[in-house]
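J.: Residues per chain, in single letters:
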Amino acid sequence: MSRLEILKTYKIYIGGKFPRTESGRYYVPEGKGGKPLGNICQSSRKDFRNAVVAARSALGGWATRAAFNRSQILYRIGEMLEGRSAQFEAELQQQGSSASAATKEVQAAIDLCIYYAGWCDKYQQVFSSVNPVSSSHFNFSIYEPVGVVAAIAPEKSSVAGLLGTVLPTIAGGNSCVVLASESKPLCAVTLAEVLATSDLPGGVVNLLTGNREELLPWMIGHMDVNSFVASDLTDEQVANAKAASISNLKRIVISKNDPAKEESPYPILATQEVKTTWHPIESSIAGGGKY
Amino acid sequence: MKISPPDFSKFPPVDQVGIAERAARFQTRSIKTDAKHSGLRTVLKMIDLTTLEGADTPNKVRQLCYKAGHLHDSIPNLPPTAAVCVYPPFVKVAREALGDSSPVKIAAVSTYFPSGQSTRKQKLEETRRAVGDGADEIDMVISRGKFLSGEYDFVFDEIAAVKEACGDARLKVILETGELATLDNVRRASDIAILAGADFIKTSTGKIASAATIPITLVMLLAIRDHFFKTGRMIGMKPAGGISKAKLALHYLVMVKETLGPEWLTNEWFRFGASSLANDVLMQIAKLEDGRYQAAPYFSKD
Numbered sequence: 001m002s003r004l005e006i007l008k009t010y011k012i013y014i015g016g017k018f019p020r021t022e023s024g025r026y027y028v029p030e031g032k033g034g035k036p037l038g039n040i041c042q043s044s045r046k047d048f049r050n051a052v053v054a055a056r057s058a059l060g061g062w063a064t065r066a067a068f069n070r071s072q073i074l075y076r077i078g079e080m081l082e083g084r085s086a087q088f089e090a091e092l093q094q095q096g097s098s099a100s101a102a103t104k105e106v107q108a109a110i111d112l113c114i115y116y117a118g119w120c121d122k123y124q125q126v127f128s129s130v131n132p133v134s135s136s137h138f139n140f141s142i143y144e145p146v147g148v149v150a151a152i153a154p155e156k157s158s159v160a161g162l163l164g165t166v167l168p169t170i171a172g173g174n175s176c177v178v179l180a181s182e183s184k185p186l187c188a189v190t191l192a193e194v195l196a197t198s199d200l201p202g203g204v205v206n207l208l209t210g211n212r213e214e215l216l217p218w219m220i221g222h223m224d225v226n227s228f229v230a231s232d233l234t235d236e237q238v239a240n241a242k243a244a245s246i247s248n249l250k251r252i253v254i255s256k257n258d259p260a261k262e263e264s265p266y267p268i269l270a271t272q273e274v275k276t277t278w279h280p281i282e283s284s285i286a287g288g289g290k291y
Numbered sequence: 001m002k003i004s005p006p007d008f009s010k011f012p013p014v015d016q017v018g019i020a021e022r023a024a025r026f027q028t029r030s031i032k033t034d035a036k037h038s039g040l041r042t043v044l045k046m047i048d049l050t051t052l053e054g055a056d057t058p059n060k061v062r063q064l065c066y067k068a069g070h071l072h073d074s075i076p077n078l079p080p081t082a083a084v085c086v087y088p089p090f091v092k093v094a095r096e097a098l099g100d101s102s103p104v105k106i107a108a109v110s111t112y113f114p115s116g117q118s119t120r121k122q123k124l125e126e127t128r129r130a131v132g133d134g135a136d137e138i139d140m141v142i143s144r145g146k147f148l149s150g151e152y153d154f155v156f157d158e159i160a161a162v163k164e165a166c167g168d169a170r171l172k173v174i175l176e177t178g179e180l181a182t183l184d185n186v187r188r189a190s191d192i193a194i195l196a197g198a199d200f201i202k203t204s205t206g207k208i209a210s211a212a213t214i215p216i217t218l219v220m221l222l223a224i225r226d227h228f229f230k231t232g233r234m235i236g237m238k239p240a241g242g243i244s245k246a247k248l249a250l251h252y253l254v255m256v257k258e259t260l261g262p263e264w265l266t267n268e269w270f271r272f273g274a275s276s277l278a279n280d281v282l283m284q285i286a287k288l289e290d291g292r293y294q295a296a297p298y299f300s301k302d
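Those sequence lines, one after another, are chains W and C.
245 is the number that my numbering gives to position 245 of the first sequence; each next residue is one higher, with no gaps.
65 is the number that my numbering gives to position 65 of the second sequence; each next residue is one higher, with no gaps.
If you're looking for bench data, these hints aren't it; they were derived computationally from the structure.
Predicted model, so just to flag it, every value in this text is computed and none were measured.
Be aware that one or more of the hints could be misleading.
Derived DEER-like restraints, expressed as beta-carbon distance ranges [unchecked claim]:
id: 1; chain 1: C; residue 1: Asp-184; chain 2: W; residue 2: Arg-25; range: 49 to 55 Å
id: 2; chain 1: W; residue 1: Gln-72; chain 2: C; residue 2: Ala-296; range: 54 to 60 Å
id: 3; chain 1: W; residue 1: Ser-264; chain 2: C; residue 2: Lys-207; range: 48 to 54 Å
id: 4; chain 1: C; residue 1: Gly-132; chain 2: W; residue 2: Arg-20; range: 39 to 45 Å
id: 5; chain 1: C; residue 1: Ala-296; chain 2: W; residue 2: Ser-129; range: 31 to 37 Å
id: 6; chain 1: W; residue 1: Val-126; chain 2: C; residue 2: Pro-114; range: 49 to 55 Å
id: 7; chain 1: C; residue 1: Ala-209; chain 2: W; residue 2: Ile-252; range: 53 to 59 Å
id: 8; chain 1: C; residue 1: Ala-20; chain 2: W; residue 2: Ile-252; range: 47 to 53 Å
id: 9; chain 1: C; residue 1: Ala-296; chain 2: W; residue 2: Asp-199; range: 39 to 45 Å
id: 10; chain 1: W; residue 1: Val-28; chain 2: C; residue 2: Pro-13; range: 50 to 56 Å
id: 11; chain 1: W; residue 1: Leu-4; chain 2: C; residue 2: Ile-208; range: 52 to 58 Å
id: 12; chain 1: W; residue 1: Arg-25; chain 2: C; residue 2: Ser-9; range: 51 to 57 Å
id: 13; chain 1: W; residue 1: Ser-247; chain 2: C; residue 2: Asp-184; range: 49 to 55 Å
id: 14; chain 1: C; residue 1: Pro-103; chain 2: W; residue 2: Glu-282; range: 55 to 61 Å
Where a beta carbon is used, it is the ideal one built from N, C-alpha and C, also for glycine.
Full structure from sequences and hints, please.
T.: Listed below in structure tokens is the structure:
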């Protein structure tokens, strides 16, 4: 008698825990050859709301962490990913990738972790500035995280695209709620298992699976979300996002590049606020001989 | 008038498992749309907006009084809260701020809240002064040390004496259930307070970690119900501390309705002692009206 296969129920990741969707809805995406991939949670607006609460409460601790420590944790994510690369490759192949493409994507994902780990304690030095002003002031601009970020990971790439979306936001001290690819969700949930075991405080990254059309209005409408990040929306969705963002001046970031492939510090800056400070200062030259 | 203490050995024991099961059922109710909307407004009307901090100042109390009548002006027709709850020295300030004809009552905690460790003379003096300053309601604490040592007569007499000192003001008796250890004790303390003349019984001071819970409130509601069946006198209930979410507050209302009946669903007979509950309720009402999930920074803190 042949063995009855168990179809895994993949859970979502909120506040460091793995709940099922509160809605009790699941969908079964098809993988290679029409084979069912697993029971995937179809998250509801309430799951999103709960995730925002978790992200908000995790924000303070994460944003005030030493930049170097954030860097260590991002590096750790890369290490944990490396250790489980075989599982990720297998899942990518289940979802339809060729063996070589799967290997390439996992390697790219690990490289993204290391890349953004490096930037954690460097973007501030590189992009902050001391500004020339016409009075006796020391005037400087520094970057601060914008807050809670809602993000939609690219549909066509399962793990690298998701990490390319999430890593720049958390490297800069934001917390985020990210909706994984609907048709290729397996790696996202496995990635959550990686995040849960890599010193990343619960709630900094919250991972949902489900339908983009359904959740998008809630993501862009939520008053407690400070920024919205995506890369592959339709023109109509972008227009709606921009219109809804007026309610709380949400920053809408639509990347033109593929986050799976982009290695650049600019996605970090996209979810940063610039704070400029004026500090009175005397000029030693204008002060005459008193110095 | 001196009331003689009852026979304390006659107080009924509490079925702990039964209470836990019944309490769990209240929390499985799903309250939506119109019922939710009207429930949330009812909750607002029942809130004793509270500030009981060492750091309280007259201006903080004035601000609280303003908030009690103007919960969130961008939503029209919101009701005021039932009362503001302050320390006795702030009663005068609150009375000045609210005026004499305000629908918002002033509740003062008394009898050396929160510990209650003081002489009876001092407790009565404090109570009389608060009433004289204009308090409509007095929230007293029982002497838990005496209660736990079995000196029920002492606790009974003390409540009766404070009730007398209250005059026309309504008396809420705080049992501080977190310190009473068992549900049997909660029931016994409730019965003592009710028989000694309490107008309201209240769970907690909000100053210790363990505060109001659904099971403890249920035990107290049952004491109120038994007393009502016996004598026809209604007693009010005030859970306080730890109720900060609108959903939980709605579950409390369900419990009150199903245990005592709709007569208790007014702020004359049921209150929430809370500081942050009001804002969560406001956020839920705003969500119902506006369709978007709300954020705390858009609602006034005090």
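J.: Hints first: check each against the structure and report whether it holds.
T.: These are the hints, each one checked on the structure:
1. Asp-184(C) x Arg-25(W): 49 to 55 Å: violated, 45 Å
2. Gln-72(W) x Ala-296(C): 54 to 60 Å: Since the Cβ atoms of Gln-72(W) and Ala-296(C) sit about 31 Å apart, the hinted range of 54 to 60 Å is violated.
3. Ser-264(W) x Lys-207(C): 48 to 54 Å: With a Cβ separation near 53 Å, Ser-264(W) and Lys-207(C) satisfy 48 to 54 Å, so the hint holds.
4. Gly-132(C) x Arg-20(W): 39 to 45 Å: At 58 Å between Cβs, range violated.
5. Ala-296(C) x Ser-129(W): 31 to 37 Å: Distance hint for Ala-296(C), Ser-129(W) holds at roughly 33 Å.
6. Val-126(W) x Pro-114(C): 49 to 55 Å: holds, 54 Å
7. Ala-209(C) x Ile-252(W): 53 to 59 Å: violated, 43 Å
8. Ala-20(C) x Ile-252(W): 47 to 53 Å: Holds - the Cβ-Cβ distance for Ala-20(C) and Ile-252(W), about 48 Å, lies within 47 to 53 Å.
9. Ala-296(C) x Asp-199(W): 39 to 45 Å: violated, 28 Å
10. Val-28(W) x Pro-13(C): 50 to 56 Å: At roughly 53 Å between Cβ atoms, Pro-13(C) and Val-28(W) fall inside 50 to 56 Å, so the hint holds.
11. Leu-4(W) x Ile-208(C): 52 to 58 Å: Since Leu-4(W) and Ile-208(C) have Cβ atoms about 53 Å apart, the given range 52 to 58 Å holds.
12. Arg-25(W) x Ser-9(C): 51 to 57 Å: Check passed, 56 Å falls within 51 to 57 Å.
13. Ser-247(W) x Asp-184(C): 49 to 55 Å: Given about 52 Å between the Cβ atoms, the range holds.
14. Pro-103(C) x Glu-282(W): 55 to 61 Å: About 60 Å separates the Cβ atoms of Pro-103(C) and Glu-282(W), which means 55 to 61 Å holds.
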